[in-house]
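These protein sequence lines map, in sequence, to chains A and B.
Be aware that the first sequence starts at 1440, since it is given in the numbering used here, and climbs by one per residue.
Be aware that the second sequence starts at 312, since it is given in the numbering used here, and climbs by one per residue.
These are computed hints drawn from the structure, not numbers from a lab.
C-beta: ideal position from N, C-alpha, C; glycine also.
Treat the hints with caution; some may be incorrect.
No more than 35 Å apart at the CA atoms, straight line, and that leaves these computed lysine-lysine pairs for DSBU-like [stated by the list, open to error]:
id, chain 1, residue 1, chain 2, residue 2
1, A, LYS1461, A, LYS1448
2, A, LYS1506, B, LYS367
3, A, LYS1506, A, LYS1458
4, A, LYS1506, B, LYS368
5, B, LYS370, A, LYS1491
Here are a few chain A residues that sit away from chain B, every Cβ distance over 10 Å (derived from the structure) [as the list claims (entries may be wrong)]:
id, residue
6, GLU1463
7, LYS1510
8, ASN1514
9, GLU1521
10, GLN1541
Pair by pair, the computed Cβ-Cβ distance ranges are [claimed, not checked]:
id, chain 1, residue 1, chain 2, residue 2, range
11, A, MET1454, B, THR362, 31 to 37 Å
12, A, THR1452, B, ILE324, 26 to 32 Å
13, A, SER1444, B, SER318, 30 to 36 Å
14, A, ILE1540, B, HIS386, 20 to 26 Å
15, A, SER1519, B, ASP378, 48 to 54 Å
16, B, PRO350, A, ASP1509, 28 to 34 Å
17, A, LYS1506, B, THR373, 38 to 44 Å
18, A, ASP1477, B, SER323, 32 to 38 Å
19, A, MET1454, B, HIS386, 43 to 49 Å
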Amino acid sequence: DTAVSQTPKYLVTQMGNDKSIKCEQNLGHDTMYWYKQDSKKFLKIMFSYNNKELIINETVPNRFSPKSPDKAHLNLHINSLELGDSAVYFCASSQGVSMDIQYFGAGTRLSVL
Amino acid sequence: TQLLEQSPQFLSIQEGENLTVYCNSSSVFSSLQWYRQEPGEGPVLLVTVVTGGEVKKLKRLTFQFGDARKDSSLHITAAQPGDTGLYLCASPSSNSGYALNFGKGTSLLVTP
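Chain A extracted, bound-state conformation (with noise of 0.2 Å):
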């Protein structure tokens, strides 16, 4: 079984669609995150969330939303979306404790023409 998995691997859409990522951990973990890596290899923090509190990278704009139905998913909803939005997210997941195993999903890459 796939320890983080992320749905879909690829996603290609117009400017302007909304469209959402989804993710599954099922390691028993209490830690989710969204990271966006961009076309030079970045790889930058979007949110995490542990234990029903959000916690956002101040630089992701408010088109992006995070949203857990339980502990077990961390979802990625996407409004309005730019060019600039391509990228591939990568979903992880970690006990929570500081410097613990992130284990992460194998990514979506986003497309956005």
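Start from chain A and add chain B according to the hints.
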């Protein structure tokens, strides 16, 4: 946000060669992790270093944490094509819960 600088950005070597990649910061790391990311996959943790001067080995990979905890290196002995990937160093973010700040990575290509 602590800035992590990695060098070199790209490295292309032949199988059997040795190499070293670096991760530096102007401020002290509380701790540091190294991850490897293969094409089409997410990063996978290789090691965590915590104590200044610490050395850890993982088969042909040797990780060092600087005495002052401002730098770290990853040395690969006798590189193999399977070592190809993006090597990322990461440290805890001070303002994003338990999230990580990543360096921009060293992209390594090992050719047979």
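Taking the hints in turn, this is what the structure says about them:
1. A:LYS1461 - A:LYS1448: holds, 10 Å
2. A:LYS1506 - B:LYS367: Cα-Cα ~39 Å, so violated.
3. A:LYS1506 - A:LYS1458: holds, 13 Å
4. A:LYS1506 - B:LYS368: violated, 40 Å
5. B:LYS370 - A:LYS1491: Distance of about 40 Å is beyond 35 Å: violated.
6. GLU1463: holds, 14 Å
7. LYS1510: At roughly 15 Å from the nearest Cβ of chain B, A:LYS1510 sits farther out than 10 Å, so the non-interface label holds.
8. ASN1514: At about 17 Å from chain B, A:ASN1514 clears the 10 Å cut-off, so the statement holds.
9. GLU1521: holds, 23 Å
10. GLN1541: violated, 6 Å
11. A:MET1454 - B:THR362: 31 to 37 Å: Hint violated: Cβ distance 49 Å, outside 31 to 37 Å.
12. A:THR1452 - B:ILE324: 26 to 32 Å: violated, 39 Å
13. A:SER1444 - B:SER318: 30 to 36 Å: Holds, at about 34 Å.
14. A:ILE1540 - B:HIS386: 20 to 26 Å: holds, 22 Å
15. A:SER1519 - B:ASP378: 48 to 54 Å: holds, 50 Å
16. B:PRO350 - A:ASP1509: 28 to 34 Å: holds, 32 Å
17. A:LYS1506 - B:THR373: 38 to 44 Å: holds, 43 Å
18. A:ASP1477 - B:SER323: 32 to 38 Å: violated, 22 Å
19. A:MET1454 - B:HIS386: 43 to 49 Å: holds, 45 Å
When the structure is compared with the earlier hints, violations turn up for hints 2, 4, 5, 10, 11, 12, 18 and for no others.
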